[in-house]
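A.B. asks: Throw the hints in and build the complete structure from the sequences for me.
Residue numbers (our numbering), protein chains in the order written: chain W, 10 to 282; chain P, 10 to 282; chain U, 10 to 282.
If you are wondering where the hints come from, they were derived from the structure by calculation, not from laboratory data. There's no promise every hint is true.
If chains are identical, the list can't say which one is meant, so a pair holds when it fits in one copy or spans any two.
Listed below are the simulated SDA-like cross-link pairs for lysine to any residue, each with C-alpha atoms no more than 25 Å apart in a straight line [claimed, not checked]:
id : residue 1 : residue 2
1  : K203      : T77
2  : K203      : S62
3  : K137      : R19
4  : K203      : S130
5  : K137      : E272
6  : K76       : E58
7  : K278      : D59
8  : K278      : G251
9  : K137      : D59
10 : K275      : A105
11 : K13       : L281
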Amino acid sequence: MFAKCLENVRNTEPVIHNITNYVTVNDVANVILACGGSPIMSDEAEDIEDITSVCGGLHINIGTLHKTGIEGMFRAGRRANALGHPVLLDPVGAGASALRTDTALSLMNELRLCAVRGNISEIRTLAKGSGTTRGVDADAADAVTEDSLDKAVEFVRRFSRQAGCIIAVTGSIDLISDGARCYVIRNGRPEMRKVTGTGCQLSGIMTAYLTANPDHPLEAAAAAACVMGLAGEIAWDRMQDGDGNAAYRNRIIDAVYNMTGEELEKGAKYELR
Amino acid sequence: MFAKCLENVRNTEPVIHNITNYVTVNDVANVILACGGSPIMSDEAEDIEDITSVCGGLHINIGTLHKTGIEGMFRAGRRANALGHPVLLDPVGAGASALRTDTALSLMNELRLCAVRGNISEIRTLAKGSGTTRGVDADAADAVTEDSLDKAVEFVRRFSRQAGCIIAVTGSIDLISDGARCYVIRNGRPEMRKVTGTGCQLSGIMTAYLTANPDHPLEAAAAAACVMGLAGEIAWDRMQDGDGNAAYRNRIIDAVYNMTGEELEKGAKYELR
Amino acid sequence: MFAKCLENVRNTEPVIHNITNYVTVNDVANVILACGGSPIMSDEAEDIEDITSVCGGLHINIGTLHKTGIEGMFRAGRRANALGHPVLLDPVGAGASALRTDTALSLMNELRLCAVRGNISEIRTLAKGSGTTRGVDADAADAVTEDSLDKAVEFVRRFSRQAGCIIAVTGSIDLISDGARCYVIRNGRPEMRKVTGTGCQLSGIMTAYLTANPDHPLEAAAAAACVMGLAGEIAWDRMQDGDGNAAYRNRIIDAVYNMTGEELEKGAKYELR
Chain W
10 MFAKCLENVR
20 NTEPVIHNIT
30 NYVTVNDVAN
40 VILACGGSPI
50 MSDEAEDIED
60 ITSVCGGLHI
70 NIGTLHKTGI
80 EGMFRAGRRA
90 NALGHPVLLD
100 PVGAGASALR
110 TDTALSLMNE
120 LRLCAVRGNI
130 SEIRTLAKGS
140 GTTRGVDADA
150 ADAVTEDSLD
160 KAVEFVRRFS
170 RQAGCIIAVT
180 GSIDLISDGA
190 RCYVIRNGRP
200 EMRKVTGTGC
210 QLSGIMTAYL
220 TANPDHPLEA
230 AAAAACVMGL
240 AGEIAWDRMQ
250 DGDGNAAYRN
260 RIIDAVYNMT
270 GEELEKGAKY
280 ELR
Chain P
10 MFAKCLENVR
20 NTEPVIHNIT
30 NYVTVNDVAN
40 VILACGGSPI
50 MSDEAEDIED
60 ITSVCGGLHI
70 NIGTLHKTGI
80 EGMFRAGRRA
90 NALGHPVLLD
100 PVGAGASALR
110 TDTALSLMNE
120 LRLCAVRGNI
130 SEIRTLAKGS
140 GTTRGVDADA
150 ADAVTEDSLD
160 KAVEFVRRFS
170 RQAGCIIAVT
180 GSIDLISDGA
190 RCYVIRNGRP
200 EMRKVTGTGC
210 QLSGIMTAYL
220 TANPDHPLEA
230 AAAAACVMGL
240 AGEIAWDRMQ
250 DGDGNAAYRN
260 RIIDAVYNMT
270 GEELEKGAKY
280 ELR
Chain U
10 MFAKCLENVR
20 NTEPVIHNIT
30 NYVTVNDVAN
40 VILACGGSPI
50 MSDEAEDIED
60 ITSVCGGLHI
70 NIGTLHKTGI
80 EGMFRAGRRA
90 NALGHPVLLD
100 PVGAGASALR
110 TDTALSLMNE
120 LRLCAVRGNI
130 SEIRTLAKGS
140 GTTRGVDADA
150 ADAVTEDSLD
160 KAVEFVRRFS
170 RQAGCIIAVT
180 GSIDLISDGA
190 RCYVIRNGRP
200 EMRKVTGTGC
210 QLSGIMTAYL
220 TANPDHPLEA
230 AAAAACVMGL
240 AGEIAWDRMQ
250 DGDGNAAYRN
260 RIIDAVYNMT
270 GEELEKGAKY
280 ELR
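C.D. replies: Take a look at the structure:
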């Protein structure tokens, strides 16, 4: 199934509209190309509807959020919704500032999202802020470890049902749920945290996978997370004496570029709960 | 001649003012350094005239156009015109949105441009929009291939005369005309499309070449296109097992950095029509 | 001492708030990770105080200054001052435009800076503009060479006393003074000028070092300059046939990533005046 997801991206070359931060935008563009998609960037409110209309999917990332850019996110999102394009939100820094938390929550409330991808702190912030009266288990706030896994899976599943979209929590263990099933993924390397923007890159890849696999969004999202994690493993194996995080960054994108469906099926480490 | 153009860049180290998109701006800066120029970036309207005044050439790229940035493009362009600096326009996405098409056409109408460099779709959009009553051959809209070459050359030549500046259409075959002559260039590799911003990079290099070779702008523009394409070929030959588009990106810039005039003369594949 | 400074960064992982230009921001993020810190970027005035509050140090760089971004620089700076966080200013392009010069001077006047790091032209501009009636020796305007060294040291020392913060002038010889003592550092390679943003990267590293070594700011700033220069030397030794400025850029960051305290002590080339 994951191989099929990968091949669908390579065969359809989905065009992805990215409204993203200026820190990691170049890597996001190159990794979308590496996985088989085609990236376009535009964040000007008066440009954004035209651009989204020529794309197949929309990726919104609030990593360097500007107040003047928020309107464009909504306009692009509404247009993408009208066109039936998948929309993915990466709520970078939700919880670290009020503006980011509020903007992410508004985007979740006013747009029909296909998926939200973030780290556990960001997702926990959104779950708390969404006004559920059931509360959110504080334990789920902790890093997802083998010990806290059961509770974390339950948290992600519940928040996915509540939010009405796929929730992807990524970290040393990735949890990706559509409210019913939950993929638990153990690909990746801890050193990936030393490369800026591997999360943003995964959001870009995931949007391409969601766009190219409209009938199987959960599998597409899980496949994308396995691609990124496995690329981190393959890239690490190619590291040479003297290489550091800059070489690693390049090698990760290269591993995405060269990944085959067979390699993905063989290397993906996941269970379905 | 091309060797001389290259050496003029290396010897004069032209300072290039870039108003460009935030996606590929770092690669544009590094490739301008690689070819022998010196890049400066500024897009704030109140900063831009001072900056352009300390430069030798101006490169305007609308890849992530903001409405608030348009005034600065005009102010920089008018100042560069007053100072006699060459101005190059890269109309990224013209045809994909009304804002981009309109802005590119206004820049062409109100500034005295030295060159416009884009892909065939962007250039076709500008040619249509410029209000010619002779019309533009729809066949020229197609990708430039050996079969459509004669018509495409005629289209580029005619649009160059009409626009009053060099028109550079780049793709698998590059066509660069000053209205009289037209260079047909066959350097490059198809894999260059898998690296984001190779077109933006070429625009940066071309501006440096135009600035350092004021007496031979057509040759300078053609030399720049050969440099970029040849760098893509040299870089491809240096690819190793496991390398992908991130490694390729670095190797292309490295090939520009190491290119000699002799290498350029030997590797340039062009004819003059 | 320098080894201790390095280890303090690696052990405390200081979180650094960067308000910086969009040209070199990705390299700044990766080099801060490489040296052991953790970068966050935010330049929106309404976001910036929240973000600075979760950080340990603030790095302000005016490389692509926007008028709309200036308010945020002051708000972040005042908040960082209130929290006792070190603030470093990189006055990119001071002297090249009135907006940059004026903004840099205002930031120096209204914020309590820990350090200002720039090239000799930028620092000279600030020294002139600060309204000293003693004047600034015009000779100090020249590049810092062995011949002009004595005068340059005196200039930097005097301006540091006047400005009330560390002044770091970097170039082929680096001069870093707190008004009393002055480090004269001879690490680095001339080829580093061919990589865009090595100065911005040093400013990022220096902010991390200042944050992790609050009791020894002068040593921390000097150690950071040695780290960057030594990384440039190590990276150069690793260059292979066909490598250029793109490979060099990656190798420099990799050398920062792999540098040990022992290596730094052994490779640092400095004298204290």
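A.B. asks: All hints are to be evaluated individually against the structure, with a verdict given for each.
C.D. replies: Hints, one by one, checked against the model:
1. Proximity of K203 to T77 under the C-alpha cut-off of 25 Å is found in neither arrangement, the shortest distances being 31 Å within a copy and 32 Å between copies.
2. Taking CA atoms no more than 25 Å apart as the test, K203 paired with S62 passes between copies only; the shortest distance there is 22 Å, against 36 Å inside one copy.
3. Taking identical chains as interchangeable, the C-alpha atoms of K137 and R19 are never at most 25 Å apart, the minima being 38 Å within one chain and 33 Å between chains.
4. With identical chains, the CA atoms of K203 and S130 are at most 25 Å apart within one copy only, with a shortest distance of 18 Å there and 34 Å across copies.
5. Proximity of K137 to E272 under the C-alpha cut-off of 25 Å is found in neither arrangement, the shortest distances being 39 Å within a copy and 47 Å between copies.
6. Proximity of K76 and E58 under a CA criterion of 25 Å is satisfied in both settings, with 18 Å inside one chain copy and 14 Å between copies.
7. Taking the shortest alpha-carbon separations for K278 and D59, neither the intra-copy value of 40 Å nor the inter-copy value of 38 Å comes in at or below 25 Å.
8. Only between protomers do K278 and G251 lie at most 25 Å apart by alpha-carbon distance; the minimum there is 22 Å, versus 29 Å within a single protomer.
9. In this assembly of identical chains, the alpha carbons of K137 and D59 lie at most 25 Å apart only when taken from different copies (19 Å versus 35 Å within one copy).
10. With identical chains, the CA atoms of K275 and A105 are never at most 25 Å apart, being 38 Å at best within one copy and 40 Å at best between copies.
11. For the identical chains of this complex, K13 and L281 are intra-copy neighbours only, at 18 Å inside a copy versus 47 Å across copies, given an alpha-carbon limit of 25 Å.
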